[in-house]
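Chains A and B are the protein sequences, given in the same order. Just so we're aligned, residue 999 is where the first sequence starts under this note's numbering, counting upward by one. Just so we're aligned, residue 999 is where the second sequence starts under this note's numbering, counting upward by one.
Since the hints were made in silico from the structure, they are not lab data. One or more hints might be untrue.
Identical copies look the same in the list; a pair holds intra-copy or inter-copy alike.
Below 27 angstroms or equal to it, Euclidean Cα-Cα: the simulated DSSO-like pairs (lysine-lysine) are [to be verified]: (1) K1170 to K1211; (2) K1211 to K1160; (3) K1210 to K1104; (4) K1091 to K1210; (5) K1091 to K1238; (6) K1117 to K1091; (7) K1150 to K1005; (8) K1092 to K1117; (9) K1117 to K1173; (10) K1018 to K1160; (11) K1018 to K1074; (12) K1018 to K1072; (13) K1116 to K1237; (14) K1237 to K1117; (15) K1116 to K1174; (16) K1104 to K1091.
Protein chains: 2
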Amino acid sequence: MKRILLKIAYDGTNFHGWQKQEGLRSVQGEIEQAIERAFKFSCNLFASGRTDAGVHALAQMAHFDIDDAVPTNKIKLVLNRILPPDVQILSAKKVSENFHARFSAKKKTYQYLLCTGKKNVFEANRKAYTEELDLSKMQECALLLTGEHDFKAFCSSQTSAKDFVRTVYDIKLYKKSRHNIVVEVTGNGFLMNMVRILVGTMVDYSLGKLDKKRILKALESGERSCAGRTMPPQGLYLKKVFY
Amino acid sequence: MKRILLKIAYDGTNFHGWQKQEGLRSVQGEIEQAIERAFKFSCNLFASGRTDAGVHALAQMAHFDIDDAVPTNKIKLVLNRILPPDVQILSAKKVSENFHARFSAKKKTYQYLLCTGKKNVFEANRKAYTEELDLSKMQECALLLTGEHDFKAFCSSQTSAKDFVRTVYDIKLYKKSRHNIVVEVTGNGFLMNMVRILVGTMVDYSLGKLDKKRILKALESGERSCAGRTMPPQGLYLKKVFY
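Start from the sequences, fold in the hints, and give me the full structure.
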């Protein structure tokens, strides 16, 4: 047996998220089925983390174990022939048997796309539409959120997490074009909906719906109601996992 | 009663085409439902023509009749609030009662997107991937296909059409970027799958799979086997209807 690490891109629009669920279309389910069909080998695929329904990946990472007889350099090609148009293997490489896509991850970068322009049907599932935003105000807010904090206020109440301390190393903000803003958040780990709430907090701060005091209170008290809105999933992309 | 003409954009990926079909998601069905929900008024929507499953529209045109009491200038806004992300009303205006979205149409332009580059999951349902193409060879082929012809060889065998004579006014070809080619076909009317087969013929000609003699034979004999392949629906966009 050997361990294979896949780098995977997917358009999350038509998936009920990463995780396999009975009777629902999931990224994990599609890839596990493709592996079984291609190599007559039933496997469990372990991702760096789940992504919710509608969330995209530019480079999700996931590992599985397979018989040594399967040539590593054929895996990408063979799987891509079978997989549907909205999921694609970008690379497949052998890793050590101690490697774990989730537990070996040191940090992750997520990207969030905001659009202040007109809705376009071809991009409606790829970004979130908002009112006009002030990049320098968002930057102010980003600085408050960067660092090691208890992010309980920035987490869905449906989480099973017990420890809410995470480190956000960096929040980058830039305009891709006149109406398109990119937010890139890098951290050592993220709670459920955390990136979507961090971005929602920056948006609400920019719109004057939250002030500095309230954000500091969110970080201190852990009260969800002190942080900003949860942005919709379709603007979110898992961009990079660092090992 | 008054007649309203809608200009509509849709991403065809998740629709079983324009036409309403029992139990299947269609563009016509979504919009008729939205009209009923918004204005408590059951209507029939008549498009400039059907589009197949997976085919997109930058500007489909469709008319319906509604009570004079409904303010025309509210229709676009109200429908867009109800419609799902992949369909959008671009405009709604009052037209004369003799106007018919299909029968009043004088010509139409379709656009087809070809990509000779690497597959990208976010664009996989928006264009067709092909081998490297030669634009000047495609242009040669386009000239053979332009004009008034019997296009029986360029039509699906499932058609119910009896008359196959159509006029292709113009075929424009250009590179949008290094790996992306746009084909724009304007004609007075199109048979079932006709644009997809015209583009498939240009692609096959460029790849050396068809020669000039064979294309002239297709136009003379009406034999489907003499024309090129049927390109997939996801590269096709209804771009403009001329009245």
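These are the hints, each one checked on the structure:
For the homomeric pair K1170 and K1211, the shortest alpha-carbon distance inside one copy (22 angstroms) is at most 27 angstroms, but the shortest distance between copies (59 angstroms) is not. For the homomeric pair K1211 and K1160, the shortest alpha-carbon distance inside one copy (26 angstroms) is at most 27 angstroms, but the shortest distance between copies (74 angstroms) is not. Taking the shortest Cα distances, K1210 and K1104 never come within 27 angstroms of each other, neither inside one copy (30 angstroms) nor across copies (60 angstroms). In the homo-oligomer, the alpha carbons of K1091 and K1210 never lie at most 27 angstroms apart, since the shortest distance is 46 angstroms inside one protomer and 47 angstroms across protomers.
Taking the shortest Cα distances, K1091 and K1238 sit within 27 angstroms of each other inside one copy (16 angstroms), while across copies they are farther apart (47 angstroms). For the homomeric pair K1117 and K1091, the shortest alpha-carbon distance between copies (20 angstroms) is at most 27 angstroms, but the shortest distance inside one copy (40 angstroms) is not. Proximity of K1150 and K1005 under a CA criterion of 27 angstroms is satisfied in neither setting, with 30 angstroms inside one chain copy and 47 angstroms between copies. In the homo-oligomer, the alpha carbons of K1092 and K1117 lie at most 27 angstroms apart only across protomers (24 angstroms), although the nearest pairing inside one protomer, at 43 angstroms, exceeds that limit.
For the identical chains of this complex, K1117 and K1173 are neighbours both inside a copy (17 angstroms) and across copies (26 angstroms), given an alpha-carbon limit of 27 angstroms. For the identical chains of this complex, K1018 and K1160 are intra-copy neighbours only, at 24 angstroms inside a copy versus 50 angstroms across copies, given an alpha-carbon limit of 27 angstroms. Within a single copy, K1018 and K1074 get their C-alpha atoms as close as 21 angstroms, which meets the 27 angstroms cut-off; across copies the closest is 39 angstroms, which misses it. Proximity of K1018 and K1072 under a CA criterion of 27 angstroms is satisfied intra-copy only: 25 angstroms inside one chain copy versus 43 angstroms between copies.
For a Cα distance limit of 27 angstroms, the shortest separation of K1116 from K1237 qualifies both inside one copy, at 25 angstroms, and across copies, at 19 angstroms. In the homo-oligomer, the alpha carbons of K1237 and K1117 lie at most 27 angstroms apart both inside one protomer (24 angstroms) and across protomers (18 angstroms), since each shortest distance falls under that limit. For the homomeric pair K1116 and K1174, the shortest alpha-carbon distances inside one copy (15 angstroms) and between copies (23 angstroms) are both at most 27 angstroms. In this assembly of identical chains, the alpha carbons of K1104 and K1091 lie at most 27 angstroms apart only when taken from the same copy (19 angstroms versus 56 angstroms across copies).
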